[in-house]
Every structure is written in structure tokens, then in C-alpha cells.
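A.B. asks: Below are the chains, spelled out letter by letter.
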Amino acid sequence: MHSERAPLGLRIGTIGAILFLHVPLLLIFLYAFTTEDASFTFPPPGLTTEWFGVLWARREFWEALQLSLTVAVISTGIALALGTITSLALYRSRFFGRDAISLMIILPIALPGIVTGIALRSAINLTGLDFSFWTIVIGHATFCVVTVYNNVIARLRRTNYSQIEASMDLGATTLQTFRYIILPNIATALLAGGMLAFALSFDEVIVTTFTAGQQETLPIWILNQLIRPRDRPVTNVAAIFVIAVTLIPLLLAYRFTRDTSN
Amino acid sequence: MTLILMLLPILLWLGVVYLGSLSAMLTQSFFSLDGFSGRVIREFTFRTYNQLLSDASNLDIILRTAGMAAAVTITCALIAFPLAYYMARYANYRMKGLLYLGVMLPLWSSYIVRVYSWRLILAQEGILTWFLNGLGLGGVLNWVLSIPGLGGSSLSFSYLGVFIVFVYIWLPYMILPINAALERVPKSVIEASADLGARPGYTFRKVILPLAFPGVVAGSIFTFSLTLGDYIIPSVFGNSSFYIGQAVYSHQGTAGNIPLAAALTVVPIIIMGVYLLIARRLGAFDAL
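Protein chains in written order, with this note's numbering: chain R, 1 to 262; chain C, 1001 to 1288.
Misleading hints may appear alongside valid ones.
[Said to hold, decoys possible] Selected chain C positions facing chain R (Cβ under 10 Å, derived; list incomplete):
(1) LEU1003
(2) LEU1053
(3) ASP1230
To be clear, the hints were calculated from the coordinates, so they are not data collected in a lab.
Owing to the predicted nature of the structure, the values given are computational and were not obtained by experimental measurement.
A virtual CB, placed ideally from N, CA and C, is assigned to each residue, including glycine.
Working from the sequences, and respecting the hints, build out all of it.
C.D. replies: What follows is the structure, given as C-alpha cells:
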């Protein structure tokens, strides 16, 4: 079977789909260096690196970046805590309502973003809370739990339960067992889940537009640049930055889960 | 006992904050907006739903969005299938890993950046027009854009533009479930079909396609639902005609009519509920 060569049409379809997925991102790189700042003329009339300096001097970019990073770190922290405790509670238990809980964890990411967004906004409105940094974090943590939960529970299912039993039999407390047996086993799964959660939060724009007040996260800053462009290539430089900040943790997460599953 | 203690945090967070929010939204959809004061009247009423359903423009919005979601879903399936099939059947171990990464990276890279990239491509002075002109197809593009219901003033402000960007953004969500379904088709079944004298094309239609179909349905859940709920892409690339997400956003934002926005949000939830019931019938959940 393996020596069989794919029909020409199938190979063209495959290459076409991969190009379709990747060429747009490559163009972002190209346009970060164009000398034309008022339109997206192709081919670019000239190449320059001045936009990197312009972005460097933009205060609102750094504020947006800082906000996005802080939100992502805190949301990831909350997701790690909630996701780990929940997967530890659920992975070996069967009880009425167990499926309801796992459905509830998936729901925030399964429902269209606008549903989660408007739901949180209605609740914030009804309770009379002010939109703030914390309302953004609440929204993000809600849909980030699922990545940690999925990774950790998958790892726990592959972990040998007799290790945990042995530890308890030998007199270790629950906390000691967690610290010395469970944690080393799930460490890379936690890391992978945490990184996915970080990337998810760092990128999110739809739910954020409903839960943020005046604050501008980096994706919202880019969205505003899209609607009201100013120095267009600067947005491209910022976009490259975002790609780097999300892809590096993702590639690491991919490595962590790949190494252990092989 | 410890179980309850350990479940307490998630129940408090998701059960109270999230499900609480969803019910807050449902509750709001049964409130109404006082047209004079612009205040929300917190009394149970069907007035908002009545307003929603009696306004023909709302119905237009719902049909337009559902139609777009269907078109995007079908196109994604058509583009995804060859790639997923190649990955499952012909790619060697190394190639498979590379292609898998090639699908995962766009899936996980920034949504807004990926949307932005099409701003560059679809612009009137951008690469796509340049490319088509180079091939001498500039006239064809103008002709397509002049078709009412499809085109618009330029590619970046047209139905076609919105459609292309939706297909691009959600494509990976279609590839992965189809690939997973195809990977599960046992080699022995394909060989048996060939041994019994079926030509490759016949085997594909009668054996592989039916077994992969639940994967297509599983992928369609994502592409359909994500298109229904998105408001950014149509507001960046669309002309003035609204989609559900945009209507929800503008009702709750500038108009301050949260009841109407909430009622309108219930529409995609119901559509997805029905869709999921059908998908379950077609075996999509086993393919996830």
C-alpha cells in the first residue's frame, strides 16, 4: 500500500490546501517591510525596516501587550488550578452528573463565542459589576479550563493507578502523594495544557469585546487597526509579534505531548 | 466527601459564573426595552421575541447567516477531504507529521491575525487582483463582483470576500475530524474490496466515503457553529448587510437593547441544537 503513489489530482489538492492555509501568513511577514503605508499594493514598491522602530515607540501597543500578557498569565493560572483539581476528581469516578460536568467544561468553547460573550455581558449587567481587568479574566479563565482539563485527564488515564495506591499504602498523605507521585506524572501535560490555555487567552477577541470596558487587549488593538488603519505596516509588525508569542508556546506544547505519547 | 470538595471549585466557577451567565442571558431575553426611556424593563414578557420574529429584516439576517454557514461548511468539506485523504492513505510517517503540523499551526495561530492577512490579500490593489490581472482574468473578477447577492464594490467588501475568509479561518476544524475518520478505516476493508474486484473509484465511493462521512459531519459541526457565531469577519469584510453576530453586537452595544440581543442569541443556540441532534443521528459523535 505504501509504495502506491497518490493520484495527481489528489496531490494537487493537498498542496493547494496547504498553500491556502499558509500563504496568507507569509504575506503578513512581507507586508511588515513594505515602504507603502497607505495601501496594500502588491508587489510592495520597496522594502524597509523602519516600521519595527515605529511600533517600538507606540505606547498604546505596549500597554495592550502588557494587558494581554497579564490577562493570559492569570487566566492560565486559574485554568490550571481548576482543570487539575477537576480532572483528579473525575478521572476515576463514575457518578450521576459526571457527564454533565464534563459537558459544562466544554460548553464555553463549543458554543459560538458570541453566546459566551453576550451571556457574560448580561450577567455583568444584571449584577451591576463594572467592566474591568477582572471581567476579562473571568471570561478567559472560563473557556481556558477545557485545555488543561483535557490534557491532564488524558494523562491521568494513562498513569498507572497502582503507583498512587502504593504511595497511600506506604503511609504517604494525600498531599505527599500528589507532590511526589501525581505531579511528576502529569507535569508535561500541565505544561502543555497551560501553554494551550495561554495561547487561547492571548488570542481571544470575540468574548473579550463583550467583557472588556475601555481596556484594549492586543487582539482588540489589532482589530481596531483593521477597522481604522493608521500606518498599516505597523499592524503587520504587531501581527508578527502576536504570531511569535502564540506559536512558540504551541510548538513547545506539541513537543511535550508528543514526546510522552510515543 | 473529598470528591465533593474537589468538585466544588469547578461547580462554583462554571456552574455559577458560566451557567449563571447563560441563564442571565435567557432571563434578559424575556425582558423588554422601554422605547421611550431606553431602559430595560425587568418584567417577564414575550414582547422581545415578538419584536424579533415580526421584523422581516431579522429573518433576513438569520437566513443570510445560516446560508453562509451552509456554503462555508460545504466548501470546507470539499477542500479538506483531499488533504485529509492524502494524509490518511498516502503520506508516510514523516510526511504525516509535517502535514499534521501544517494543519495545527494555522488552527492555533491568532484568529485576528489570520483575519487581518485577508485584508492584505483581498484589497483592490492587493495580491489577488494583481495575480488575476497577470493571468488576464481581471475582467472575470469584475464580472463576478457585479453579480448581485455575491459581489460588492470590491472583494474586500463583498459576500464573496466574507465567504472566502470564513472558509480560510475554519478549514482546519474540518480537516482534523475527516482525517481522524479516514485513519480509522481499516486497511483490510479496502483490500477486501479490491480483492473482490472493485475498482479503486468504486471502493472509494462505496467503502471509504460512507465510513468517512461521520467525520465530515463532525467537522461540519465546528464550521457551521463557528460561522453562525462570528461577527468580526462580516464586519471587517462585509458590505452593509448584517449577520446574526453583528446584529447581536450592535443591539447590545450602541442600542443598549440587551433583551433583543439576548433573544437573537437564542437563535443560533436553537439552530445548533437541531444541528447536533441530526449530527448525532448521522454518527458524528463517534467520529469526534
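A.B. asks: It remains to establish, for every hint, whether it holds in the given structure.
C.D. replies: How the hints compare with the structure:
Among the interface hints, the one on LEU1003(C) holds; its C-beta lies about 6 Å from the nearest C-beta in chain R, closer than the 10 Å criterion. Taking 10 Å as the C-beta contact cut-off toward chain R, the hint placing LEU1053(C) at the interface is violated, the least distance being around 19 Å. Of the supplied interface hints, the one on ASP1230(C) holds, with its beta-carbon coming within about 7 Å of a beta-carbon of chain R, less than 10 Å.
Going through the hint list in order, the structure does not satisfy hint 2, though it satisfies all others.
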